[in-house]
Amino acid sequence: MSSLKQIRFLLGKDLRIELRKKESLVAMAFFGALILVLMNIASGVGKQVDVESGAGILWVAILFSSVLGMGRVFAREKENGCVAALLISPISPGEVFIAKALVNFSLMLLSQLILVPVFFVLFGTNFSGGPIALIPILLLVNLGFSSAGTLISSISAGTRRNEVLLPILLFPLILPLTALAVKATAGALAARPLSELSGQLEPMIAFCLIYSAAGYLLFPFSIKED
Amino acid sequence: MIRKNCSALLAGLAAVLLPVALGMVFFYAPMERTMGMVQKIFYFHLALAAAAFLSFFVACVSGIMYLLRRQRIWDARLAASVEIGVVLTTLVLITGSLWGRPIWNTWWTWDPRLTTSLILWFIFASCLILRAAVEEEGKRATYSAVMAIVGFIDVPIVFLSARLFRSIHPTVIRSSGVALEPAMLITLLVSIVAMLIFWAAVFRLRCSQYTQESAVRDLQQQLQR
Amino acid sequence: MTESSGSAFLSISGLKKSYGGLEALRGVDLALQQGEFLCLFGPNGAGKSTLLKIIATLLRPSTGQVKVLDFDLHEQPEKYRAQLGMVSHQSFLYQDLTALENLEFYATLYGVEQPHKRALELLEQVNLTARADTLAANLSRGMQQRLTIARALVNDPSLLLLDEPYTGLDEHAASVLRDQLQILHSRKRTIIMVTHNLRRGMESATRLGILAKGKLVYLQEKSKVDPTSFEELYFRQLEAL
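Protein chains in written order, with our numbering: chain A, 1476 to 1701; chain B, 38 to 262; chain C, 4 to 244.
No lab work stands behind these hints, which were simulated from the structure alone. Heads up, a few of these hints could be off.
[Claimed, not checked] For lysine-lysine, the following DSBU-like pairs were computed, each having C-alpha atoms within a straight-line distance of at most 30 Å:
id, chain 1, residue 1, chain 2, residue 2
1, C, LYS19, A, LYS1699
2, C, LYS70, C, LYS120
3, C, LYS225, C, LYS70
4, C, LYS191, B, LYS176
5, C, LYS218, A, LYS1699
6, A, LYS1553, A, LYS1699
7, A, LYS1699, C, LYS82
8, A, LYS1480, C, LYS120
9, B, LYS176, C, LYS120
10, A, LYS1553, C, LYS225
11, C, LYS70, A, LYS1699
12, C, LYS19, B, LYS176
13, A, LYS1522, A, LYS1699
14, A, LYS1699, B, LYS77
15, A, LYS1522, A, LYS1480
[Stated by the list, open to error] Here are some, though not all, of the chain A residues that point toward chain C, as calculated from beta-carbon distances under 7 Å:
id, residue
16, ARG1495
17, ALA1550
18, PRO1565
[What the hints assert, rightly or not] Computed beta-carbon distance windows for the label pairs:
id, chain 1, residue 1, chain 2, residue 2, range
19, C, ASP159, A, GLY1674, 39 to 47 Å
20, A, PRO1592, C, GLU78, 48 to 56 Å
21, A, LYS1496, B, GLN108, 38 to 46 Å
22, C, THR137, B, SER245, 57 to 65 Å
23, B, LEU256, A, GLU1677, 21 to 29 Å
24, C, GLY67, B, GLN261, 20 to 28 Å
No residue lacks a Cβ here, since even glycine has one placed at the ideal position from N, Cα and C.
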C-alpha cells in the first residue's frame, strides 16, 4: 500500500474512534469555552477588551483546550499496546507520525469551530475583523502545534504523568509560535489585510516546516521502547 | 597522564582564571561613563550567557550522539550539560534583571536575547522535570535526547521571532550600543574564557558523577537478583 | 543443547541484550526449522519476553544476530514484518472499535486483499462471528484473547510469536487456545511460545527449551524428553534463583 493510502487509512481509523466516543472533542470544546468565560470575568465583566488582549485570550483558550485532547490521542494508542502492534507491522513510524499529527490537527480545527464563535459572542463587539480573517492563522498554528504536540505527546505518553507533562514540555517550545499568532490575530481582529500580517505569517510557516521535519525525524526514536 | 588529570587541570585553571577575571573586572576595566559600577555586571552576564549557550549546544549534540550510538556516556553528558545550562541560565536572567533595573527602570524587558534566555530556561528545565518523571534508564535517555534536540532547534526560531517583536515595542533597548574600549574588551574576553574553562571543569565533574551513579545502580540491581 | 543441521528458518547467534548495566540476555544461540513449535519456559526475569521482543523487532540486540531465511532481521525489518504475527499479553486491540473493525483495520494495514472478507473468515475461525459488532471493550477476557489471536493471523504469518498467551484464561478458554494453536501449527507455521504453563506448553510443542538468567540452559526435541524429568529440571531451575 502506498504511503499516502496508509496515512489516510490510519487517519480514518483514529477519526472514527474520536467521533464515535466524542469524549476528546467534548472535553476540548467545553474546557475551552470555560476558559473564555473565566477570562471574560477576569478582565472585568462588561468591560471591552482591545484587540491585543482579545487575541491573547483566544489563544490561551485554544492552546489549553487542545493540549487536553492531544494527550488522549496518543494515550489511547498506547492502551493495550497498539503502538507495538503498529511497530511490528509494515507501516513506517514516519507514516504513523503524519497520521497522528493530522488527527490532532483535525481535533483542533473541530474544537475551534465551536470556540471561535463563542469568543466572538463574548468579546467580539468591538472588533472590526471577523472570524473568517482568522482562518489562515488558525490553520498555521494548528499545523505547528500538532506537529510539535504529536512528537511531545509520544514522549509524555510514555511516562506515568502524561497529562501533566504534555503542557510542561510542549508550551515552552511553541512560545514563539504563540507570540506570532497572537500578534497576527490582533491584526486580523483590527481588520488589517492579510498582506500586512505577512511579517508574522512567514515565520509561522517556517516554524511549521521546521517542526514537521523535526517531528518526522525524531518520532521513530520516541515511540520505540528501546 | 594529561587525560587522567584533565579534571584537576581544568579545575586548577578555572581556580586561577576566575579570580583573575574578577580582579580585572573591578580593578582593570575602566568605569563606564553613563552607567557606572552597575555596568560591570555586563561582564558576568555575557560570560554566563556564553557558557549557558555552550551547555545547551553540547546537550543537543549529546542527544544526537545518544540516539545514534546508544552509549551511556552520551546520556551522562546530556544530563550534565542540561543541568549546568539551567543553573547558568538562571544566573543570566538574574544578572540581566539586576543590570536592567537601574538602567532602564524595569525588572524585565522583552529584549530578544533575554527572551531567548527565558524560553531556553523553560525548555531545558522542563527537560529536567521529564528526567525526574521517567525511571527506566533507556527510556529516560531517549526522551531527554529528543527534548534536547527539539529544544535547541527552537533557539534560533525564538531569537528571530523575538527580534520581530522588538520592532513593535516602543522601548527599544540596545545593550550592544555600549562602546567597548580595548581594556573592556580584554576584560570581557578573559571573563568569557575563565567562565568556559570553569564550565568545562564542572561539566567533567558532573559527567563522572553520573557515570559513577549509574555504576552504583547497576551493582545494586545485580545484588538484588 | 542440540543444533539442527541444514539452513534454518530462524537462526539466532550470540544474542546479548543489556539495559544499562542489567544483562537481560547473555548469549543465546538457537536454530529453528520451518514448521517447528518451540515452547520456552523459564522463571521471571529470565529474559523470555526480551527474546521475543527482539525477534519481533521491537527491541534491538546489543550484540548478536537474528536471521530469518538468511537475511538479518534488524537490517531489513520491512521485508520480514509482513510475515510476522505476534500475540502478547497486551491485546493490541482498539477498545473503541468493534471486533470486526479491529480485524478489518489490521487486515488493511497488512495489505490483505479484501480485508472485510478476511476479517469475517477469521471471526468464523475463532468462533466470534456472533460478536462481530461488539466493541472490543465489551468482550470478555476469553473472547478478547480469541480476537487477539485472530488479529495475529490476519496476515497469515509464517512466524508466530506468543508471549504468555495462557495468562488469565480459564480452563475452557485455555483448551480453545490449545486447539487453535494446533490448527495453526498444522499449516507449516513456525511458532515460538513463551509460557509458565508447563502442561499446555508441553502439549503443543515439538521442541522444549528453558531460559534462565539470560541463557538457554536446555533445548531438546519433545520426542526425546521424559516429561517427569523435564518437570524436575524446570523446578530445579526455578529454585536455583
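Hint check:
1. C:LYS19 <-> A:LYS1699: 19 Å, holds
2. C:LYS70 <-> C:LYS120: 33 Å, violated
3. C:LYS225 <-> C:LYS70: 24 Å, holds
4. C:LYS191 <-> B:LYS176: 38 Å, violated
5. C:LYS218 <-> A:LYS1699: Holds: LYS218 of chain C and LYS1699 of chain A sit about 25 Å apart, inside 30 Å.
6. A:LYS1553 <-> A:LYS1699: Measuring from Cα to Cα gives roughly 11 Å; hence the hint holds.
7. A:LYS1699 <-> C:LYS82: 19 Å, holds
8. A:LYS1480 <-> C:LYS120: OK: LYS1480 of chain A and LYS120 of chain C at ~20 Å, within 30 Å.
9. B:LYS176 <-> C:LYS120: Measuring from Cα to Cα gives roughly 40 Å; hence the hint is violated.
10. A:LYS1553 <-> C:LYS225: It is violated: about 38 Å lies between the C-alpha atoms, which goes past 30 Å.
11. C:LYS70 <-> A:LYS1699: 21 Å, holds
12. C:LYS19 <-> B:LYS176: Status holds; Cα separation ~19 Å.
13. A:LYS1522 <-> A:LYS1699: Since the Cα atoms of LYS1522 of chain A and LYS1699 of chain A sit roughly 51 Å apart, the hinted pair is violated (cutoff 30 Å).
14. A:LYS1699 <-> B:LYS77: Not satisfied, since the Cα-Cα distance of roughly 50 Å exceeds 30 Å.
15. A:LYS1522 <-> A:LYS1480: 51 Å, violated
16. ARG1495: 6 Å, holds
17. ALA1550: 12 Å, violated
18. PRO1565: 5 Å, holds
19. C:ASP159 <-> A:GLY1674: 39 to 47 Å: 57 Å, violated
20. A:PRO1592 <-> C:GLU78: 48 to 56 Å: 54 Å, holds
21. A:LYS1496 <-> B:GLN108: 38 to 46 Å: Taking Cβ atoms as reference, LYS1496 of chain A and GLN108 of chain B lie about 43 Å apart, which means the hint holds.
22. C:THR137 <-> B:SER245: 57 to 65 Å: 58 Å, holds
23. B:LEU256 <-> A:GLU1677: 21 to 29 Å: 55 Å, violated
24. C:GLY67 <-> B:GLN261: 20 to 28 Å: 26 Å, holds
Consistency with the previously given hints fails for numbers 2, 4, 9, 10, 13, 14, 15, 17, 19, 23, ordered from lowest to highest.
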